[in-house]
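J.: So you can see what is in the structure, the chains are spelled out below.
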Amino acid sequence: MNELKERVKELNCLYGLTKIVKNTKYSVDEALQNIVALIPPAWQFPEITCARISFEGGKEYTTKSFKESKWSQISNIIADEKKIGVLEVYYTEERPLQHEGPFLKEERRLIDAIATLIGQFFEERRVKEELKKKKIAPYVKPISGKKGEDLTRKKQDWEVIIDLLIKTDPRTLLRITRKMTYYLYRHGNEKITDLQNQITPIDSKSTARGINMPNPRTDLKSLVTFQKHVFDIAKESIPSDVISELFQNWLRSDKARPLLLTSQKTGVPLSEIREELTRFMEKTDIETSLSEEDTIGIKTAMIRRFITDRLEYVNVAKSYFELEDFIQLLSNIIGPAQGSGKLGGKSGGIILAEKILRKEMKTDALLKDVDFPRSWYIASDTVAAFVHHNDLDDVFHIKYLDPGEIRQEQPFLEQIFKNAYFPYEIVEGLRGIITAVKDKPIIVRSSSLLEDSYGAAFSGKYKSLFVPNLGSEEERLKALMDAIAEVYASTFGPDPIEYRRERGLLDFNEEMGILVQEVVGTRIGPYYMPSYAGVAFSRNEFRWSPRIRREDGMIRLVPGLGTRAVDRVGNDYPILISPFRPELQVNTLLEERIRYSPRYIDVINMETGLIETVEIEELLRNYGDQIPLFNQIVSVHEQDRLVAPNVMLDISKADLIVTFQNLFDNSDFLPKMKRILSILEEKMGSPVDIEFACDGKTFYFLQCRPQSQSRGMERIPVPKDIPREQKLFSARRFITTGQIDNIEYIVYVSPEAYGALDSREKMLRIARIVGDLNNKLPKRKFILMGPGRWGSRGDIKLGVPVRYADINNTALLVEIAKEKGEYTPELSFGTHFFQDLVEANIRYLPLYPDQPDIIFNEDLLLTAQNRMADFLNGGAQTEPTIRLIKISDIVPGGSLRVIMDGDAGEALAYLKPADHWDWRVQKVKQIAKSLDPELYGIQALYVIGSTKDGGAGPASDIDLLVHFRGTDEQREKLLEWFSTWGKKLDDENKERTGIKTGGLLDIHIVTDEDIKNKTSWAAHLTSPYMTALKVPLEKEPL
Amino acid sequence: MATKTVTVPKTTKEGFNPFKMAQQQFDRIADKLGLDQPTRELLREPLREYHFQIPIRMDDGTMKIFHGFRVQHNDARGPCKGGIRFHPQETIDTVKALAMWMTWKCSVADIPLGGGKGGVICDPHNLSEKEQERICRGWVRQIARDIGPFQDVPAPDVMTSGQHMIWIMDEFQTISHGAFQPGVITGKPVALGGSRGRTEATGYGLVYILREVLKELKMDTTKTTASVQGFGNVARYAAELYTQYGGKVVSVSCWDQNDACSYGFYKKNGVNLEELLKITDRFGTIDKDKAQKLGYQITPGDDWLTHDVDILIPAALEHSITAENVGKISPKVKIMICGANGPVTPEAEDVLDKRGVIVIPDFLANSGGVVCSYFEQVQNNQNYYWTKEEVLGKLDNKMTDAFYHVWDLAQRKKVRISDAAYMIAISRVAEACKMRGWV
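Taken in order, these protein sequences are the chains called A and B.
With the numbering used here, the residue at position 963 of the first sequence is 963, and numbering never jumps.
With the numbering used here, the residue at position 230 of the second sequence is 230, and numbering never jumps.
Be aware that one or more of the hints could be misleading.
With the C-beta cut set under 7 Å, the calculated list includes, among others, these residues of chain B facing chain A [as the list claims (entries may be wrong)]: (1) Asp59; (2) Pro124; (3) Ser128; (4) Gly162; (5) Gln163; (6) Pro189; (7) Asn258; (8) His319.
Rather than coming from a laboratory, the hints here were simulated on the basis of the structure.
All C-beta atoms, glycine included, are put in the ideal place defined by N, C-alpha and C.
Model the full structure from these sequences, guided by the hints.
T.: Right, here's the structure in full:
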């Protein structure tokens, strides 16, 4: 790095020199005085460097406070081939030894180059003076010209620079040559193309080289000639002043090289980058001194260093970040000074969104009151620093433990973390946050690197915690650190680890960034809360009407803290609205609107310091008039209508319902949300999901991420290689994104049979049976498929008249619209209990089996064994309208998977064979193949347990039963042989699943005696229920 | 038995057909009454059936044609009365069945109104409020000449509310050259011509009848107990008035939104409505923890019918007493009075009848609502509005009268109350048609 800084100083000096030399306004004295002043900054230690130019005649030019010392460098000034003076450079203090005393090799080259230049300058001026006296045309003797060159031509300053660079800095020269070549090439210069082809023949007819062969290396010496050619071509085709200007720009931009390199090099600590950036920015002429490409280069490097390597992100971000933004950003980053961590996905998202929106806000009046809460970012390597600092390094191995163990460890780990200490520098950084945020609660949000780099949807897997920020500075600091420690501990929690295991991300070193934000809100009574908060999605994955398109978006809005909108709380409902189709409400009927209105509100109690969930009704009645935007939040329920509150309102008596109707109808909330979602989706190039809150005055933007990372909205395309016979159904209309896995049962209400029922009572009975099954089947492990509108009321012929409680355990609700003549029945889209479905994350899928290209393997549903009797008693068992299908009856150990890809508008449900089981079966076959029954005295080999039943999971044992008739010695050998196999299988399984099993292979030896006495494992062989499966051996047993 | 085949448009050939069911029921009663063929033919079918198209300009600028209709089953005793339904898959069979049922209901309550029903095939969930308003106004424009305070008076029904009624009233006034005629429709808010007492009407009406049943059975109300299914409007006001009369409600039940199931709230010494209401949210869910603290026993929702009480009041769900669970009803139970529509299946009713339980059918027991709609219209037409006490007092008279006509007939002819109610209802309509010389 230092070397590079020296290069830059050198260039600055050379550049300054040429400027002085070319300036004819300077007298010789002035020029030389200026030149000598340029020298100290170019040397390694400017503060102790002084210089002197002295001529034979006794004339001297020195730097200020010039002083001779014993550490010096001298170069002769030559003109007209004789010495006319010397240039001396002194260090006034001792410095470590380098190439020449304390001086660098480069400094020798530089002092020589300067001396030569002074000589030339001197000669040039003298000649000029003489000519002036003789009144003839100026003549300049070439310094190093070829014979035959036009000697009368004045040498251009850029040529002088080239001459200097040839001597002092061939690498810079090469870079400038390259830049010139590009420049010429860009401007369509043919000669340069020819020249390039000479060096690297693009179109070679030689058969010796094909496209897979490396191009021959070009000797660097020939590059010098190349350089000469390039500048000759330049001279011919570009006006000299243009070349000069180009040169100036190129040399100037070299000033940014240290910054460029600092940012690009890996492992440069945070503090150094911060320092370098600040130093660079303090220089005033950033805009003129940095070329566009270098600016982008630095920005890109900074983004990659601190935020993400993800190309989509970098690509967008580079055009929105300014260099000065990084100064602000870096000053809000807390992390180990020597660290090199990143900020993580969540922080990256909000930072970019802020940049994009701030740019739009300049011209868009609609966005004028949008703001962003003060935020700090804790770099991802802080967690490692924290762990090392407290000697807790073994926590990094927790992820390889058995899920059950992890679950046990978790509470303990959380306490250990909370009782650990943060490194001093981090504590001071956090203190900075506490002093900056005095009177407001803060929120600590996890900002995972995995979420960012692998697009995995980690939302909700890690904790986000509120800190009320009450008490003395130390108390507040302590609370903040506790919260951060808890979020860190959540990294090692069972759920995220399980999730990572499933996605093969276990071995990724999860470093957790943290985003610390001020909580938006106002004080209302004892509480602190925003007027409203919520999340908005630019794609609507829960359309409640076929008239709403996916791109019409969706907002989940609640009064108070946004926690109730972000998370599904099951028994309470946020207000849902589509910003592009607000008139199509989810709940249209009065009773629905009341029923599905928010009932509770999350607030921070500033007296207790706790997050509390309070009843909205109570809060409104007690503090309604203090809540900003109260009139926009509530409607008044009177005389069977919901009306906007007016001045006549008596808060103590009125029936207040949270509807946000006035906010939607009479404020710019929806236009603003539309604008924000459109802008972000367009600029970020993907659907987004954002979080926001409003304190009554300002609309705060809190979070932004790709919608594909929202919970349950990860997009997985429909697989194309599923064999036809495994497909159960496909769909192509009104598809929203989502996946449903590991389905074990299908409840199928046959549309034909249901349509043929001849009384209401029979139809209601079907609903009751469905409700019964719903309560008895494993939760979320079954799907419901049936005709038309689930939950019909009134005309229940149109669909099974279930209530929500009758279906609340299903994973998916499928409505089948079979054509009746020319007419396809209209489906419900789950409207009867739409919001219940949304909050319980029960997905909905309409099926149009009679449309072209649609698969509906109804035969499978009608012919598979009916399992109703396993779950129901009495007459319901034989109800012919309903069939209960167990997937593993069709595919042993298999499950049903439903992939819905809203982007592509297609969905597929298919039968998935159990691969864990399959793998085990294959292994058992391998064992059987290699087992020598004669050698070990084996009569037969059986498989029992989950590998036999098809229920084997990723960590299941393989249970083998060996019918043994050998000697004790054989027995010992056999067990040894199996133990080798066992280790091998453990390793293989760990590689497959990431699960460390240990003892995967379970061997049970059974003798004739055992079988006779039906003892222990022999029961499997004697049992009439076929609990053991004989595995054929390769060699016949004795 | 009539043999005339009926053409039923727009339904599948097989399966359940609500209109056929209604006709079968009519035929059965007509047999009992010995009605002549022309009367049967007239009453088996609606007098008039209107089908029309309603072109609507949607919010996005496109045009959409909606299908609307109005069925006037019979107006021999007075203007037709019946709701307007917004339903996406409405079938004409359903509407015709419901219109016929309205004729009998008005008749059994002995109010001078006939039966009608109508609606539009649409799903309000897919419509904005503005589009719904246009549909309401479009509907009136097509049918205005055939409805009115003295012809046919619609009311709210499935997926329509007071707001829809106001739009319809307003459009009707515009079409009628500005003449103020709130009586064209009922179910309006009190501020715009609605009647006081509407909330209480159905529940109170039910208890007015219950009071008379007890009197007839020579039971002292203050010594009786009741179990109520539900805690909605009907259940709540029924329980309230019954308690005021001195009866003891030992159990109510309600749907618990949080647990997605229903619970019973049992107190041997009688529930205290006031204290329960205090712990009930506006969604009708009673807080079961708080109830427990107040000394209530929380039972599964279905247990309401197993209690040892004299009276069962099903006031929540259709078909909740079936052949399967009717056996669980305590032998102590003497009266089953139906607040909900169709809570007892025919098989269960047979069992109850054999056991000697008096079953007061839904269309008599819960006719307090339609009587109050009639009062609303009466008040509109005279443009003079009564106090709640006046409304409820008049309601009491009507219900009591209606009950005694049915009761007397049942006693005289030794038929079930439900049969007697139908016989009275149908014979009154048949009589009116005869007097008019229609048959």
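J.: Hints first: check each against the structure and report whether it holds.
T.: A quick look at each hint next to the structure:
1. Asp59: holds, 6 Å
2. Pro124: holds, 4 Å
3. Ser128: holds, 3 Å
4. Gly162: holds, 4 Å
5. Gln163: holds, 6 Å
6. Pro189: Check passed: Cβ of B:Pro189 comes within 4 Å of chain A, closer than 7 Å.
7. Asn258: Constraint on B:Asn258 satisfied, holds at 4 Å.
8. His319: At 5 Å from the nearest chain A Cβ, B:His319 passes the 7 Å test, so the hint holds.
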